[in-house]
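Trainee: Spelled out from the first residue to the last, the chains are:
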Amino acid sequence: MGEVNVKTLKQKDRTFWEQTYVTEFIKGLGVTMKHFFTNLSPNKEDRDTRTVEYPDEPRDYPDRYRGRHRLMVRDDGQVRCVACMCCSTICPADCIHIEAAEHDDPSIEKYPETFVIDQLRCIACGMCVEACPCDAIRMDSGVHVSAFEDREESFHDRETLMDLGGQSMAEQGGDHIPSPN
Amino acid sequence: MPNWLAIILFLLVVLGAATGVISGAVWSAGFLPAMPGWLIILLKIGIIVFGFVMLVASLMTLVGDRKQSAKIQNRIGPNRATFFGQSLGGLPHFIADGIKMLFKEDIVPNGAHRTFHMVAPALIFIPALLGFSVIPFMDEYCSTGAPMVTPNYPFELCPNGEWLNYFQVIDLNSGMLFAFAIASIEVYGATIAGWAANNKYSLLGGMRSAAQMISYEVSLGLSLAGLLLIWGTLDLNEMVRLQGKLFAGWIPLWGIVIQPVAFFLFFLVGMAETKRPPFDQPEGESEIVAGYFTEYSSMKFAVIQLAEYVATVFLATLTAVFFLGGWQVPFLFADGFHFGGIGAQPDIALPYAVVIAMRIVAMLFKVLVVVWLQFMMRWTYPSFRYDQVMTMGWKIVLPLSLANFFVTAFIVLII
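Each protein sequence line maps, in turn, to chains D and G. Under my numbering, the first residue of the first sequence carries the number 836, and numbering increases by one thereafter. Under my numbering, the first residue of the second sequence carries the number -11, and numbering increases by one thereafter.
In case anyone wonders, no lab produced these hints; they're calculated from the structure. Please note: incorrect hints may appear among the correct ones.
Unchecked claim - For each label pair, taking beta carbons as the anchor points, the in silico distance ranges come out as:
#1 G/Phe91 x D/Asp891: 25 to 31 Å
#2 G/Glu273 x D/Phe983: 40 to 46 Å
#3 G/Arg102 x D/Pro877: 38 to 44 Å
#4 D/Val841 x G/Glu273: 16 to 22 Å
#5 D/Glu853 x G/Ala397: 30 to 36 Å
Just so it is clear, CB atoms sit at the ideal spot from N, CA and C, and this is done for glycine as well.
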């Protein structure tokens, strides 16, 4: 039989004042009073409240938040997408519907005649953005998908998606821009 | 049963508020001396009960229980209900609560004693309000308009006129006895409410509240015995007048200065007496649902709740009267401020009306501060276990108040 090692932990004795609870009561009251007066401050910045009054004060989404999709545009305002079908192919929820058409400009091969994202099916995985070879579709709009009153509203067509769009820094149709590293 | 009782009560509150406003207007117009005595008494009751007690008590449900707790816990508190887009610090919530209570179903449980079940809320509520009848909100009013200030007690004389009792419903020379007698009657309401509901939880809550209130009643009186020895009067207004004395010309001899231990004991016992947390064993949320008012709904529930708040205000008022100098403002006498002892001329002369206003405001301010402190404690400390409450009442607070009494008696004897 081995010996059992017993380690006796010495508890800190309570002092007289701690036993009377008087000082501890006052300390406790001090803590709540500190919170009370801090949160009474007229300057909102000084308060300790963490509540975000959401509908009144919209809260900032983090930079990488995947919000509503947007279609980027070219320098002349046309849609940047070349209807390569990469995004609709990779989409696990099968929510992107693209119909390609020929473009008048010979330097542009195809463009999407219709580009519809069914937001009710979209799972916001962001794979379409990963798949896009020409930085045409993004989810960095910072706008969340709002609730729909009608199923029709959930179909975001090309114009709706382009409304949020902007110009990309990537060169359109040109050489691959090597990454800085 | 229709909610006619509740509707009548609501109308009474509205009428009372109207009375308060109108009587305030009448007062400012200076009609008061011309009015018959009974009308003055009615006005006083209207203003004190509805203009102050009910107002503070009902606002405490909002400001104290919701907003203050929110501030302490780093929250915002209710602000979603709005009037014309303004949240007004949550005030609409408070009104919505009242209206909701009015329209809720009034349930009397099967097997309950119907009469007692209905009467019990009133039995809790009426004593809570009655106590205020002896509280002096200001000194008596000198009919000639300007009392003479003398260096010694009673400091203010009314040589050519008479003292008119405008700021106290009854000028009772045994006011303190009356206040405590009324306060202890409240036990019946809670116990009957618990018994009449035919619910074991309610019964337990009723028994607990009876035991707790009676236990602490003893200390409540004994903690004040020292003050009675020193002042030798039971008249509350007289007590407040005596607190106008200045020690060495600078230190006002308020109750808290001459009896600090009694102050803490009284404050503690007062919290236990009003059944507020940390002494909320009669309610005992986690153990016996809501204690003696488990089976109450609708406006009956609201009345019981309100009675608790009124009792809180009452204990705060008593604390202010006994220990915080009541309507006294330090160094303020009928003709202005006298710093460092009462001289022939005041250091800052003030008209009598201003002094009256300052004193009333001082009284209300003190009450509100004590109420605020009670709520701070309510949101700071965890509840006691029931046996701890009893142990504290009988083994700690009672001996302490007795010791305080004996030491005070000894000192009074020597001096």
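Trainee: Which hint numbers doesn't this structure obey?
Mentor: Structure breaks hints 3, 4.
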